[in-house]
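**Student:** Sequence:
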Amino acid sequence: MANRKIRVLAGDIGGTKTRLAVFDVSGDVSGDVMGEVTDTVLQMVAEEVYPSRDYQTFAEIVQLFMDRHRCGCESACFGVAGPVRNGVATTTNLPWRLVASELAEELEVTQVALLNDLEANAWGIQTLATDDLCVLQDGAQDLAGNAAVIAAGTGLGEAGMYRDGRRYRPFATEGGHTNFCPANELEYALFCFLLGQFAHVSWERVLSGPGLVNIHTFLRAYRSSEAPGWLTESLYSGDPAAVISQAALQERDEICIEALDLFVHFYGVEAGNLALKMMASGGVYLGGGIAPKIIEKLQGELFMQGFRSKGRMQYLLESMPVQVILNDRTALYGPAVFGALSVSD
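Counting in the numbering used here, the sequence shown runs without a single skipped number right up to 464 at its last residue.
Where hints are given, some of them may not hold.
Quick list of the computed label-pair ranges, beta carbon to beta carbon [stated by the list, open to error]:
1. E415 with L435: 42 to 48 Å
2. D186 with L395: 46 to 52 Å
3. Y281 with T351: 46 to 52 Å
In short, the hints are calculated from the structure, not lab data. We treat Cβ as the ideally placed atom computed from N, Cα and C, and that holds for glycine.
Make the full structure from the sequences, and use the hints.
**Tutor:** Okay, here's the thing in structure tokens:
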């Protein structure tokens, strides 16, 4: 990137909330080491957060933002929770369809890029400082190796990263929708329970906010354990996944504790699956909104046991760095970087 300032409209479009921000991007974004940026400066000019389900279309949100912040952007880039093909994105957990060419006309910019949300997250990793990451396993990072990103939130996102000689290049997957695979009697019972509710039981059905709720609901039935009154009231009035995780972290309810433990184990198992598929010797990163909130659980033995338990390949998993992304603006930094690159590359 040339050392001039490029103004970019960046967005993180999720099933729960949509965040838009304007950045002035300057410097060089081709850092040689993951987590170390040579010269990149991201200056946030404006930011707004919108509850996604309150709007019929993404265009409504864009219009509100632009009415309030007329910032003269050169390009725009949005991370979308769903598959992106040929400049068209359909959100997985919202009834929205985004078309890059239409957004370019509405925004009056020459370039609009749509990225899968995890691909967007991955572009943001190179902007992070050491304090933005929590190490779960040091490993031995291969600076020329692939890397992987997995993020549980409203859904389950997965992405890979490869090195092109200058920088890491993220790429999207829809790995969160691959088949969930039970490994013992309890997990098989959970699988059968979910099969009674869903035509397809994917990893997202157990490894997401709604997935934690699914696990909790199953365990209540499996253990014949009725929820206490205070918990039932909280589940009804608040965010059920947050209520369950808080009850577990505060050790207020045994079923909630078991549900979160199983969730953390599944997180480790699927992160390890992804690490092997990507041969992520460059590192594995946990993103999304859930991981930072349950960091003490992730630092326990359940996550890493699930991650490493891969039979003859255990030695590979033990060598891979594993870190949690703590900075919740990573999903905005990534589109800002990509949007600036699209102008200068």
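**Student:** If a hint holds in the structure, say so; if it does not, say that too.
**Tutor:** Outcome of the hint check:
| no. | hint | result |
| --- | --- | --- |
| 1 | E415 with L435: 42 to 48 Å | violated (27 Å) |
| 2 | D186 with L395: 46 to 52 Å | holds (48 Å) |
| 3 | Y281 with T351: 46 to 52 Å | holds (48 Å) |
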